[in-house]
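K.L.:
Residue strings, one per chain:
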Amino acid sequence: MTYDTDVLVIGAGPAGAVAAGEAKRAAPELDVVLLERDAAVGTPVRCAEGVGDAGLREFADPDGAPWAARRITRIVFVAPDDTEVKVAERAVGWILDRTRFDAFLAEQAVALGAELRVRTEAAGMTCEADGRWRVRLRGAAGEDTCRTRVVIGADGVEAMVGRWAGLDTRVPARDMESCAQYVLAGIDFDPDSIYLQFSDRIAPGGYAWVFPKGPGVANVGLGLVALKADGRNARQYLDDWIARRYPRGQKTGCTVGGVIVHTTIRQTYTDGVLVAGDAAHMINPLSGGGIVNAMKAGRLAGRIAAAAIRAGDTSASRLSAYHAAWMELLGDDHLKYYRLKRALEGLDDQFFNSLARTANAIRPEQRTLGRIFAHALVKHPQLLPVAARFFI
Amino acid sequence: MLDAPDGGGYRSRMRPAPAPSEIAVVDLQVCDRCGLCLPLCPPEAIHLALADLVVDGRTCTGCRKCIAPCPVGALAMVPA
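Chains as they are written, first to last, in the numbering used here: chain A, 1 to 392; chain B, 1 to 80.
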């Protein structure tokens with residue numbers, strides 16, 4: 001059967017759920033449909049689940065929320081030789097329970113009037129003569145067709161909506177982090193800290209992480225660039241690291257996935273189409289974090305789509321306002337972070353071991369990221385070109 | 001396309017690359033359906049169909065870019 005809508009959002013992760021809710025909030029008279037391929041929103045979890053405090057609070061209050069697994073107050077950087085550098089910060093962030101968090105965001109969209117359809121996969125789309133998109137859908141009950149004025153592609157790393165719309169969503173191999181993660185129980189760590197370890201032997205081109213979900217239980221994973229790896233895949237690297245660091249940890253859930261550490265795709269819109277979140281490579285290329293970015297992009301996409309439909313103009317030239325707004329909000333910053341990432345790639349394990357000793361010479365209560373960076377520049381002149389690349 | 005950095009975009013349209021001797025295949029017993037390999041494929045030969053990954057043997061150029069990044073080693077090359 002064929003049905004019509006105004007906004008079709010493909011993918012009910014953070015970008016899609018926020019986009020659907022914001023479109024409805026901006027223009028309650030519009031029909032907004034939110035599609036999810038899986039049987040339930042928020043599964044499977046392909047995420048380390050860490051999120052910054054300030055960014056999260058723009059969208060939801062984590063205090064006491066059932067979807068907030070753990071409040072984080074410290075970052076511990078771990079050098080290749082296992083030297084720990086504790087960085088004193090205040091409200092650093094949260095470890096989410098993504099299954100519940102994504103469901104919470106989708107419920108908010110539904111409460112605003114969006115229609116959620118789970119177990120429904122987009123299979124392709126074509127543009128019609130009147131400018132609407134005809135999207136082929138596959139669901140539990142068979143095939144459907146949806147005609148829509150605007151498609152918002154929030155379909156994550158696979159980014160099929162962008163591809164169907166003719167946008168270039170491809171990624172060079174050096175900017176793809178291959179990730180693997182276990183939920184590890186029965187391990188010993190400070191449950192108020194996140195741990196990040198940098199080492200070419202452990203996670204070449206990326207880092208390994210321990211993100212607490214509760215006392216003794218954490219998301220333990222790593223991301224690496226396969227081009228720099230020694231032939232082992234991400235899960236093999238992770239098994240080897242865990243065998244060394246947490247030999248008695250009990251592996252429960254295992255998940256794998258890709259994190260695109262690139263810059264925003266050159267064009268995030270075309271006639272009647274916007275793409276948001278991982279699907280548009282809107283991930284911080286230094287940290288690999290993308291949840292808040294996806295929500296911010298979804299908010300822009302939902303509002304701009306709604307305004308365009310109201311104005312009767314969903315052309316690429318009108319929707320280009322979305323790209324401009326995103327680049328001003330975060331996209332231009334990502335270009336700087338990307339240059340910094342490329343410059344840091346040239347530094348080896350020996351450098352990071354020595355940087356850890358420099359940082360630990362700063363008194364703990366004064367050991368902020370800014371001070372570490374300032375001290376590092378003085379003591380390690382090889383960092384100067386790295387710093388310079390941040391600004392040029 | 002005429003101003004592609006190495007002219008490759010233009011030429012490849014005029015004269016298709018010779019058929020590859022090997023192409024990628026995915027082992028669906030091992031694949032976790034994470035979708036990481038899709039944006040890595042230059043000719044966009046990898047698709048998700050009914051939530052399963054499929055490599056289109058007609059468009060795969062045998063470039064191997066999808067092989068090593070797979071976090072679980074589900075992709076391999078086979079004779080075309």
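Please note that a few of the clues may not be correct.
DSBU-like mimics (lysine-lysine), calculated; alpha carbons at most 35 Å apart, straight line [stated by the list, open to error]:
{"hint": "1", "chain 1": "A", "residue 1": "Lys86", "chain 2": "A", "residue 2": "Lys251"}
{"hint": "2", "chain 1": "A", "residue 1": "Lys379", "chain 2": "A", "residue 2": "Lys336"}
{"hint": "3", "chain 1": "A", "residue 1": "Lys251", "chain 2": "A", "residue 2": "Lys228"}
{"hint": "4", "chain 1": "A", "residue 1": "Lys251", "chain 2": "B", "residue 2": "Lys65"}
{"hint": "5", "chain 1": "A", "residue 1": "Lys379", "chain 2": "A", "residue 2": "Lys86"}
{"hint": "6", "chain 1": "A", "residue 1": "Lys228", "chain 2": "A", "residue 2": "Lys86"}
{"hint": "7", "chain 1": "A", "residue 1": "Lys251", "chain 2": "A", "residue 2": "Lys379"}
{"hint": "8", "chain 1": "B", "residue 1": "Lys65", "chain 2": "A", "residue 2": "Lys379"}
{"hint": "9", "chain 1": "B", "residue 1": "Lys65", "chain 2": "A", "residue 2": "Lys336"}
These are calculated hints, taken from the structure and not from any lab test.
K.L.:
So, for every hint listed, does it hold in this structure?
P.N.:
Against the structure, the hints come out as follows:
no.	hint	verdict
1	A:Lys86 to A:Lys251	holds (26 Å)
2	A:Lys379 to A:Lys336	holds (23 Å)
3	A:Lys251 to A:Lys228	holds (26 Å)
4	A:Lys251 to B:Lys65	holds (30 Å)
5	A:Lys379 to A:Lys86	holds (19 Å)
6	A:Lys228 to A:Lys86	holds (28 Å)
7	A:Lys251 to A:Lys379	violated (41 Å)
8	B:Lys65 to A:Lys379	violated (39 Å)
9	B:Lys65 to A:Lys336	holds (27 Å)
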